[in-house]
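First to last, the protein sequences are chains A and B. 1 is the number of the first residue of the first sequence in the working numbering; add one for each residue after it. 1 is the number of the first residue of the second sequence in the working numbering; add one for each residue after it.
Rather than coming from a laboratory, the hints here were simulated on the basis of the structure. Any given hint might turn out to be false.
To be verified - Under the rule of at most 30 Å between Cα atoms (straight-line distance), these lysine-lysine pairs were calculated in the DSS-like manner:
| id | chain 1 | residue 1 | chain 2 | residue 2 |
| --- | --- | --- | --- | --- |
| 1 | A | K305 | A | K247 |
| 2 | B | K85 | A | K94 |
| 3 | A | K305 | A | K260 |
| 4 | B | K85 | A | K381 |
| 5 | A | K94 | B | K225 |
| 6 | B | K85 | A | K385 |
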Amino acid sequence: MEIYELTAREVADGIKAKKFSAEDVTRTCLARLSSLEGYLNACITVAEDSAVAKAREIDSRLARGDEIGPLAGVPYIAKDNFCSKGVRTTCSSKILENWTPTYDASAISYMNGAGAVLMAKSNLDEFAMGSSTENSIIGPTKNPRDLRRVPGGSSGGSAAAVAAGYCPIALGSDTGGSVRQPAAFCGIQGMKPSYGEVSRYGVVAYASSLDQVSPLARSVEDLAIAMEVLARPDPNDTTCDAYDRPKFSDSLSLRDLKGKRIGVFAGFGAEEIDADLYGALTSAAEHCRSAGAEIEPIDLPIAVKYGVATYYVTALADASSQLACYDGIRYGAHTDGQTLADMYSNTRTVSFGEEVRRRIILGTALLTEGYYQNYYGPALKVRTKMVKEFDDLFERFDAYLLPTSPSMPYMLGMKEEDPTRMYLGDVFTVPISLGGLPGINISMGLTGEGLPLSVQLVGQRYDDARLLGIASVIERLAGRPGIANPNLPQNAEKRRG
Amino acid sequence: MGVIKSARPVVIGLEVHLQLNTSSKLFCSCSTDYIGRTPNTNVCPICLAVPGTLPIINDRAVALGARMGLGLHCEIQNYSNFHRKNYFYPDLPKAYQITQYELPIAVGGYMDIEGDGGPKRVRIHHLHLEEDAGKLVHPTTDGRMTGAAYSLVDYNRGGVPLSEVVSEPDMSSPAEAREYVTRLRQLARYLDVSDGEMESGSLRVDANISLSNADGSLGTRVEIKNMNSFKSIERALEYEIGRQNKVLASGGRIIQETRLWDDSEGVTRSMRNKETASDYRYYPEMDLAPIVITDEEIEKFKEDIPELPWEKRERFARDFGLSKEEISVLTEQKELAAYYEGVVNAGAPPERAANWVRMEVLRVINEAGCSITGFGVKPAVLAELVRKIENRELSNTVGKDVLDLLVKDGCSLEDAINRSGASSAKLTGSSLDGLIATVMEANADVVGVIKSGQDKKGGKAKFLHGLIMKESRGQADPKEAAEALSRMLEL
C-alpha cells in the first residue's frame, strides 16, 4: 500500500512509529498531486516549499522527542476560501486573484497547531457559490472517479484531492451542502458539523448563519480526529459556541446500533431520486437494521417542499451584503471609473463571475423594501418551522438517513446553463444547513461503472460526537472508501501542467 | 437666546450620537483614541473588513449603552440585537454599518429640561448602539467632494462605538433644542458614558424640524445635519424656521429632505446627489450573537449609577440652602460639584464656599484655561481660606490675593498669607488705634464735621471707617474698627 493511500490516523501513527518521516509523506503526497493535477485541476495554489519545510520541522521535533500533535506530519489541503497567512487566498475569484492574507483562519491555526502540513489551497466555485466547482478562475475540477464528470461543489477541489490521494484529509466549507455533496460525488466521507461547533473566523463568508467549516476524509475516524482538532470555542467568533466538546474519537468505540432508532427518509414524490442512490439509502438502512437499530420511514414535508426556496432566499440575501466589501478600495481587484458609482460598478462587473453577480443581484432584490416582507421575512419564519419539524422527529429518533444528492455526479458543463436545476440538486442538504444540524456523507461503495454511491446521516444539533459513532458503525458494514485511480485518457491533453 | 418668533408652531426632534467612553472599538481591539493619528494606522483586519474577519462585541460598550439608557429612564431590554444597514460609501469598509435597528438596547424614557415656559419633559424614543464610519478627505480648497479629482479615506475612526439617543419631537424652539443637548451631555458626562465634546465629534446632533399646520397637524419634516457647536444648533434651527416659514407663506411646499448646515454662510443647503432616500436593506446581523442582559445585570447597572444632575441639584438645595442660580453653576460639571462639596466637607460654610468656588475658582481656571480637575488648590486649603474670611481673619480682598498666590506659586496657605502682605496677626488694640489716629489726622475736616454734630446719618463716619479698613489691608476687624473709631471720635 502506498503512503498516499493511508488515512490520516495511519499516517500520524506511522510517523510517530518512525516507519516513515513526515518529509517522506509530504513528498509522496506532492508527487501524487503533481502526477494527477494536470487532469484533475483540484488546486489553485500548491504550497510545496512551505509544506516540505513544515514536514522537516515535524521530523526534527520528533527527533528531539518533543510533544507533537495528533495530526503531526499529516498533509492537508484547505479550500481556497480559508485565509492562510502568506499563502494566496483567491476564493476562486478574479476579485481576490492576487490577495494574500496576513492571518490564518482559526481552522488553519488549529490544524497547523496539531502538526498538520498545509500542502495546497483547493479549487471551489467562486466564493463557494455553486455545486459543481465549474465556476472558477482556474476552470473546472474533474471528478477523479470519472474525469468526464463534475466533482460536486463548492468544495469540489478538496473532495477530489482526498479521493485521488493527494492528502488523507482536507478542509471545506459547507453552506448548503458544499462539503457533503462533493464528498458524495467523489466517493469519500465528509461532515458538516452543527452550526456553532467550529469557528468560522478567517473563512471568507458566503452566508453567515449557514457557513460551517467541514472536514473531508476517507474514513469516519479521520473525521472524528479532525473534529477534535477543529471544534472548540473561539473568542474570535462569537457564533462559535463556548461549551466543552466531548472527545469525538471516543464515540468510535460504538460496536452496534442496539437501542438506536433511525428514521429513513421515504418522502419521495415530486422529487425524483436516482435509482442507484435509492438503492444506497436502502442498503444503508439494512446495515443499520443488521447492527441492531430500529428503522422507521420518515417524511420531512416542510424541509423538502420549502427547503431550497428558504435556503436560497436566506443565503442570497446574506451573500449580497457579505460580498459588498469588495469595492475595489482596500484590497482585491480595482477598475477605475469616472465617478464613485462607476468605480464600484466597473470593479464588481469586471471581477465577479456570472453566478456571483446573479446571486448578489437576487440577494439585493430580496432585501429591498417590499420584497423583504414577501421573501426574507417569511423565509426566517419557514426556517423556524423547519427546525421545529426536525426537533419533533428527534423526539423519536437518534438520527435520520436521507440521500445527500438526488442525482449521481453529472457531466461537466451539463447544468451550467440552468442554475435553477442546479439549485434543486441541493434539496436534501440545504434543510440540514437551515436547521443547523450535523450531517455526514457516508460512502456506500461504487456502482458497476465505478461511480460513487453514498448516503447522508443527520443528527440532532450538537450531537456531532454520537453521530460520528453511528456513522462509524455504518462505515464498518458498508466498507471504507478507497482512493480513486483515475482512468487517465491516452494522449490526454493536460489542462494545466 | 430669546424665543424665536415663528408664524407656525415649531416641532423639533433630535438624534444625538455620543461616542462611548471605551478604550477599544465596538467590534475589535483597536483604540478609540484616533484623533491626530496618522491616517489608517489605528486599524486592524476586523475594522478594515478584511475577508474572513468577524466582529466581536465590546461588552464595555454594551454596559455604557445600558448605563446611559438608565440615566434617561429607559427600559433596558433583556434581549437586543444588531442589524446590517447596507449602503456603499468608501468610509464604510464592509459596505454595511452594524447598528441596532428592530430591537435596541434601551427603549422609552425621558429627560427633564428647562423649557421656554418652565420645566419640560422630553420623551426619549430609544437609545441604540452602532459603529462609527471612517472619514473621507477631499483635496479641494473647501474640503467638499464636488470638484475633487480624487478622495482619500481614513479608517482610524471606523468602528468606534456610538450610542444614538433618539428623542420624540418634543422640543418647540431652538433654545429648547440647545437646552436638551446641554442636559443630555451633562448626563453623559455625569455617567462617564461619553466626553460629549462637539468639537472633536464625540457628540453629534442631527435635528428633525417641521412647522405645524393651522389645524395643528404636523408639517413635513426636514433633517438638518452638520451642526458642529451648540451655537450652530441654535443658528441652524433658527435659519430653518425662517426658511420654512418663508416657503409656506409664499404658498410653497416643504420637501422632506436632508439639509446641511453651512456655518460660515449661516444657511442650510439641500444635500443633493446623496443616497438620502436610499433603502438600506436592513436585515439581521448573523455574525453576532444577540445581546442578552439579565434582570440581575440590569439591577447591577442600576446600583452603579452615580448621583445624577437633578438629584445633585435637589440635594444641594436641601443641604446647603443655595439659590437655583448658584446650584446650576456648581452642578454643571460633576467635578466642580465634587470640588465644592470637598470644600464644604473640609469645614467651610456652604454659602461663602459656594460664592468662592463660583466667583473665584471659576475665574482662576477660566483665566488659566484649565478645568477643575487641573486646579491645584486642594479643597481643604480653600476651605481653610474661606473659613479665615468668614471669621474675619482675612478680608475678601486679601483672600483673593492669597488664592492667586496659591495658584501661581503652589505654596502653602501660610506662606501665601504672609506673602500677600497681610500678617496673620490681626491689627487690633493700640496698633489699630494708631492707624485710626493717622486716618483722623489726614482727614481733620471730616472729623470736624462729625464732631460738630452735622453727620446725622453717619455717612461721614462710614467714610472714615472705609478708609481705615482700606489702610489696614483688611487686617482690622471691621466691627472692632467701628467701635474704636466711635470711641476716638467721642461719639
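So, going through the hints one by one against the coordinates:
1. K305/A with K247/A: Violated: K305/A and K247/A sit about 36 Å apart, past 30 Å.
2. K85/B with K94/A: Judged against 30 Å, a Cα distance of about 27 Å means the pair holds.
3. K305/A with K260/A: At roughly 28 Å apart (the allowed maximum being 30 Å), K260/A and K305/A satisfy the hint.
4. K85/B with K381/A: Holds, at about 21 Å.
5. K94/A with K225/B: It is violated: about 40 Å lies between the C-alpha atoms, which goes past 30 Å.
6. K85/B with K385/A: 27 Å, holds
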